[in-house]
Structures are given as structure tokens and as C-alpha cells.
Amino acid sequence: MSTQQSAPTLYTTTKSLRYAYRYFGEIHSPNPPLMFLQHFRGTMDHWDPALINPLALTRPILLFDNAGVGNSGGEVADSFSGWADHVISFLTAFLPTIGKDKVDLFGFSMGGMCAQMVALNAPHLIRKLILGGTAPSAGEGVVGGDPEMSKILAIASTDSEEEAGFLKTFYSPRAEKQELGRAWWKRMNERVLDGRSPYLDAEGTGRQITAVTKWLTPGEAGGSYDRLSELKMPVFVANGDNDVLVPTENSWVLLKKISNAHLHIYPDVGHGYLNEYAAQFGKHLLMFLDG
Numbered sequence: 001m002s003t004q005q006s007a008p009t010l011y012t013t014t015k016s017l018r019y020a021y022r023y024f025g026e027i028h029s030p031n032p033p034l035m036f037l038q039h040f041r042g043t044m045d046h047w048d049p050a051l052i053n054p055l056a057l058t059r060p061i062l063l064f065d066n067a068g069v070g071n072s073g074g075e076v077a078d079s080f081s082g083w084a085d086h087v088i089s090f091l092t093a094f095l096p097t098i099g100k101d102k103v104d105l106f107g108f109s110m111g112g113m114c115a116q117m118v119a120l121n122a123p124h125l126i127r128k129l130i131l132g133g134t135a136p137s138a139g140e141g142v143v144g145g146d147p148e149m150s151k152i153l154a155i156a157s158t159d160s161e162e163e164a165g166f167l168k169t170f171y172s173p174r175a176e177k178q179e180l181g182r183a184w185w186k187r188m189n190e191r192v193l194d195g196r197s198p199y200l201d202a203e204g205t206g207r208q209i210t211a212v213t214k215w216l217t218p219g220e221a222g223g224s225y226d227r228l229s230e231l232k233m234p235v236f237v238a239n240g241d242n243d244v245l246v247p248t249e250n251s252w253v254l255l256k257k258i259s260n261a262h263l264h265i266y267p268d269v270g271h272g273y274l275n276e277y278a279a280q281f282g283k284h285l286l287m288f289l290d291g
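Each residue of the sequence shown is one higher than the one before, starting from 1 at the first, in the working numbering.
Simulated from the structure, these hints should not be mistaken for lab results.
For glycine and all other residues, C-beta sits at the position ideal for the given N, C-alpha and C.
Don't take each hint at face value.
Unchecked claim - Have a look at the derived ranges for each label pair, beta carbon to beta carbon:
(1) Ala202 x Asp146: 34 to 40 Å
(2) Met287 x Lys168: 27 to 33 Å
(3) Leu57 x Val192: 19 to 25 Å
To be verified - Within a straight-line C-alpha distance of at most 25 Å, the following computed DSS-like cross-link-like pairs (lysine-lysine) qualify:
(4) Lys151 x Lys177
(5) Lys151 x Lys15
(6) Lys168 x Lys151
(7) Lys177 x Lys283
(8) Lys257 x Lys102
(9) Lys186 x Lys102
(10) Lys214 x Lys256
(11) Lys151 x Lys186
(12) Lys257 x Lys214
(13) Lys232 x Lys256
(14) Lys15 x Lys102
Build out the structure end to end from the sequences listed, making use of the hints.
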């Protein structure tokens with residue numbers, strides 16, 4: 001069975017746009033695929049094998065590079081509803097080829113903003129929804145992150161700058177937490193098949209920044225805040241208790257606005273909770289997905 005480190009990169013084309021994805025794990029399971037949507041500037045290569053591989057033992061795993069990211073073609077959409085349109089287009093083409101009609105969808109950080117719009121605009125494609133380290137669009141109680149922290153990730157252009165940026169923004173500065181971050185970075189780089197996906201360039205990064213700026217601007221169309229009550233599928237919300245990129249307060253807003261939501265806050269951790277608590281978070285995901 002393939003793993004995060006060994007699964008080949010596959011491609012499907014719809015509407016003349018080629019999307020890159022990886023489909024692996026227990027692909028003959030009756031469970032729907034668990035699809036992952038990644039963070040700011042992230043690609044399929046940024047997922048932690050310590051989280052992904054145990055989940056792959058019980059269900060199909062579907063990793064995805066959205067348009068303009070990693071090995072996918074096209075350009076990055078400048079709104080999260082635009083990101084969602086690409087996910088919906090991909091799933092509409094892909095799911096019939098594997099005999100499935102729904103996925104369980106996990107969106108992390110900016111990927112969680114996209115995931116909200118996928119679930120709102122195409123609920124027929126989503127069985128269960130997981131929103132990690134993310135926020136609804138502008139509304140009462142929604143808090144923006146530290147712009148200086150986001151800038152560190154936005155300007156990284158080498159592997160060493162990227163690693164330093166993640167250690168600064170995802171992990172506490174305490175020595176033991178930084179060591180956990182370095183261990184994650186090492187795990188993430190165990191994959192050598194196909195080589196690392198290209199890091200998002202300045203133009204694509206700028207379009208992602210435009211998307212999140214719109215998301216957090218009151219009055220902008222295409223947001224989720226006033227529509228969250230439309231979500232009827234089970235929803236699991238998770239974050240660390242000290243997230244400086246997407247403040248933890250936003251997870252409570254999601255809980256209050258979504259009638260069928262559950263919330264888990266992990267202690268003494270920030271945006272990188274899903275890597276620092278990979279084993280525990282994975283078990284919580286399985287409890288939610290199989291419950």
C-alpha cells in the first residue's frame with residue numbers, strides 16, 4: 001500500500017485544466033476518500049506523514065494541488081469561492097472514476113476557508129467536514145492573524161527560509177517545541193519520489209493574499225459567515241490554543257455558527273497542532289469520521 005512518501009503524483013484534466021493529485025491508502029475501503037486542502041503557499045508535499053499514513057490504513061486518501069499550485073496547471077484564484085470552484089470541478093470529474101459520490105473533506109488554514117465554500121456550494125459532494133486552524137469570513141467575532149508572522153511565510157524563497165518560517169509561525173519558541181518542529185520538517189522531506197513540488201511563486205502568493213484579504217474584508221461577496229447555518233453535514237473544528245496565524249478565537253465562532261459542529265482545542269500549541277499532535281489528532285479524526 002502506498003504512503004505519503006511513496007504515492008505517485010497523478011493527473012486529471014477538466015475544462016482544459018490539469019489538476020495534480022495523489023490517491024492512495026486503503027482504496028478498496030467502503031469509506032469515502034478523505035480529501036486534504038492545504039495552507040498558504042502549501043502543496044501536497046507539505047502534509048505530515050505522521051498524520052497521513054495512519055489514516056491511510058483505513059480509508060482512501062486524496063491529496064490535491066489547487067489550480068496554480070504545485071504541479072497543477074492554471075492560475076491561483078483570487079477568492080476562496082474561486083478555489084472552491086476548482087475543487088468542485090475536480091471532484092465532479094474524479095469521483096465517478098473511482099465509483100464514489102462523496103468525500104470527507106479536511107481543510108487546513110486557507111484550505112479550511114476554501115473547504116467552507118466547497119461544502120456550502122456543493123454540499124452533495126461532502127459527507128463530513130473538518131475545519132482545522134481556520135476562520136469564517138468577516139463577521140462578528142472573527143479575528144485576523146499577526147501580519148508580521150504571515151509575512152515571514154510570504155517572502156520565504158528557499159528551503160532554509162521556509163523551514164525557519166514554519167518554525168517561527170507554527171511552533172512555540174521554546175527549545176522542545178522547536179525540536180518538534182524540526183522533526184516534522186524532516187518527516188515532511190522524506191518523500192523523494194517525483195521531487196519536491198515547485199514552491200508557489202510571487203504572483204501566485206500575491207493572489208492567495210488577495211483571497212484572504214477579501215475573505216476578511218466586511219461586505220465582500222463570496223464569504224461564508226452569513227451562510228454557515230446552511231451546513232447540515234457533521235463538522236469537526238480543531239486548532240491549537242495559541243494560534244498566531246489564524247487566531248484560536250475563530251474556531252469558537254465556527255462552533256457557534258454551525259449547528260452540527262464539534263470543537264477540539266489542543267493545549268500548548270499553535271498553528272502546527274496537526275503536526276505536533278499528529279497521532280492524537282489522527283485518532284480524533286477517525287472517531288469523528290467513523291462515528
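Hint by hint, here is what the structure shows:
no.: 1; hint: Ala202 x Asp146: 34 to 40 Å; verdict: violated, 21 Å
no.: 2; hint: Met287 x Lys168: 27 to 33 Å; verdict: holds, 32 Å
no.: 3; hint: Leu57 x Val192: 19 to 25 Å; verdict: holds, 22 Å
no.: 4; hint: Lys151 x Lys177; verdict: holds, 21 Å
no.: 5; hint: Lys151 x Lys15; verdict: violated, 34 Å
no.: 6; hint: Lys168 x Lys151; verdict: holds, 11 Å
no.: 7; hint: Lys177 x Lys283; verdict: holds, 21 Å
no.: 8; hint: Lys257 x Lys102; verdict: holds, 24 Å
no.: 9; hint: Lys186 x Lys102; verdict: violated, 33 Å
no.: 10; hint: Lys214 x Lys256; verdict: holds, 22 Å
no.: 11; hint: Lys151 x Lys186; verdict: holds, 23 Å
no.: 12; hint: Lys257 x Lys214; verdict: holds, 20 Å
no.: 13; hint: Lys232 x Lys256; verdict: holds, 14 Å
no.: 14; hint: Lys15 x Lys102; verdict: holds, 21 Å
Of the numbered hints given earlier, the model fails hints 1, 5 and 9; all others are met.
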